[in-house]
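With the hints as your guide, set chain B onto chain A.
Line order of the protein sequences matches chains A and B. Numbers in this note's numbering are just positions in the first sequence, counted from 1, shifted up by 217. Numbers in this note's numbering are just positions in the second sequence, counted from 1, shifted up by 732.
Just to be clear, a hint being listed does not mean it is correct.
Cut-off 30 Å, straight-line C-alpha distance, at most; resulting in silico cross-link-like pairs (DSS-like, lysine-lysine) [to be verified]:
(1) K1057/B with K436/A
(2) K1055/B with K436/A
(3) K1129/B with K1037/B
Derived from the structure by calculation, the hints contain no laboratory data. Note that this is a predicted model, so its numbers are computed, not measured.
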Amino acid sequence: MKKTISFSKIAIHGLIIVYIIFLLFPLLWVVASSFKPTQEIYSGSPTIFPQQISFDHYLSVINGQQIFRSMWNSFVVGVVSTLIVVLIAVPSAYAMVRYQSKVNNAILGWILVSQIFPVILVMIPLYVLLRYIGLTDSLTGLTLIYVVWSLPFVLWIMHGYVKSIPMELEEAAVLDGATRTQVIFKVLMPLLLPAIGASALFAFISAWNEFFFALVLMKSPALATLQVELARYTGMEGQARTGPLAAASVIATLPSIVLFIFMRKWLTKGLVSGALKG
Amino acid sequence: MMKRNIFIISFLLIGSALIYFTLRKNDDHKNPPLRFVSLAWQEGAIATNRSIVNEWNATHPNMQVEYIQGTWNSAHDYLVTTFETGDVPDIFHYESSVIIDYAMRGYLTDLSPYISPEMKSDILDVAWATVTRPNGEVGGIPFLIESLVVLYNKSLLEKEGIVPPTREHPWTWDDLQATARKMTKDTNGDGVIDQYGVGFGLRNSANIIMNTSISFGGSFFKKEGNYYVVKVNNEEKKLLQTIVDMLYKDKSASPASIGETGAGMIPGFFSGRYAMLVSIGSWGRQQIVENAPKEFRWGVMPPIKAQTQMYGASTQTLSVPKKSKRAKEAMMFIDFMLSSKNTARLALNDWMIPARKSCLSMPEFQDTLGGWDITCSAVSTLDVGPWLGAPGYVEWKSRVANPVLQELFAGRLSVDEAAYRIEHESNIVLSRYKKHGEVW
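In isolation and in its complexed conformation, chain A is listed as follows (with noise of 0.2 Å):
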């Protein structure tokens, strides 16, 4: 019996060792192609280490186009959306959970619909609306569109989470003595910051990886996000300059991942919670 469940843990392990390689492998070519030179990367045999390491892909991205702007850009954007889809979502979806209304289910609804239309759809209409306020070309306008294109989903989880706590805990609180106010700051709060961790690392990776309305509505060079920047790499027919692209590609994705580092735990927990109890 012992042997049969050694065995099969290690048939377990094994799987998810093959799957992980499966799924770092792309980044791992990537990475690897940022440090051969051209010639090797279009080598008749390619290798996956490289056999010489150069570093003139980074030289060239660093010095030939915007790179750190357009990182800047989308970090600004990225950042702002995310506070502002929180500082709605949080107290809408303890509003919804808390103070129960006949329109809560038709809100939710809608939140689902939301997200079915595709981007293409909406936005011809969001850049004319855009545009009679004057936030095409904008960082501002960007933004916006984020906070509206994230929130929902935002809304949903944490809908999910706050409904998974339990209201006893807020009335034990209040037979306490404790204020509104105190029973959101000191028995709320701490139970929805993994949700809330989640909910922001979700946001900002959307921003941060958001290519058509960026392509569309930023028109002047010098506010062009990263993922547009990126695009400019490639060209027609299947053609790309791969080098360049492969060590833009790892710049871009370092803050996602040091983002992901320090996050991770809140993010698969407030997102179980909200999926499972929701």
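Just chain B, lined up with the frame of chain A:
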């Protein structure tokens, strides 16, 4: 109380940031420059474009041009959104097959009144034909000609004692097939073929097939009255059958051709896996010059002859959207950007044929190095297919031609089945345009 203050301060900070960004943007746009969206993407081409824009800006302080880097993959969605919303760039770079579609949909300024006699006479007629409607409207100024070339590995051909074709003695498709069979072999004796005579890039092969069909006497699109219909006759079938035979009958074309683009075949060309790359864009030469191993020796073949040596061509263009309020100024910039000298700079950096006759006589374009001489001499064998004037062609290419051709070359359809599917599905797509009354 303190918590409430934190909330209020946060909202004020965010509000201030929003107002700051909005005001800053408005300040920046008091005297807007002309906006030029370029699709140049190679380092050299970007540098040349920027350099020309800088030269213009230095001499035109009151009419500055802002260089905006576009992307090929998203150019269509980007442009259509700007056309529909009205917030258009003043000048944009694209290709003739799409430009024609935009012109029909009324998105573009007719540039014919603005074209100088010098430009009119110096640009090749075949290039003008790619952007001119039957009523004389011009949707864009062509400056680079995209053509298909055949590249070959000199060392491998020499090893087999094969003499490459010359302009005076071009190969026929039969010659090409015979050579491809000879070059296909198992070089290390392990029972597996490791050197193929030919590599194609057939992943999205509609462009290749359409342009090559002209040399077989076909064209797919035929005019019936005011409208176009798609017919796959014996000429078109012969071309399809030739490629299918090379893939499956004599197996002289690498099976990797089926799922790869021309660019994706280049590493295999370097390693000697394919002796010849057939129907790759002339830009492919740049990849070879810049990335091939030092010992790699290669050449360009003149167009392969079927019934004729004529091949379809398309052009890269500069256009002005109809909703641009500064068409005259935009055309002044285009005139400067596409002068003979600048067109030559752009063509050399993009490794394509310049659309101006005066450029073709420059020594750079008659150089044997890089295959410029053969590539540019093929100008006399270029023609414009009727599909360039067909309403719905762009949609047809992506919804009918590419998917059906993929199935054909993957061996899931016979040539007759593919021909039936192309004709049948084409009429579904094109009839919608017919219903809207769109005529070329």
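Here is what the structure says about each hint:
no.: 1; hint: K1057/B with K436/A; in the structure: holds, 17 Å
no.: 2; hint: K1055/B with K436/A; in the structure: holds, 16 Å
no.: 3; hint: K1129/B with K1037/B; in the structure: holds, 25 Å
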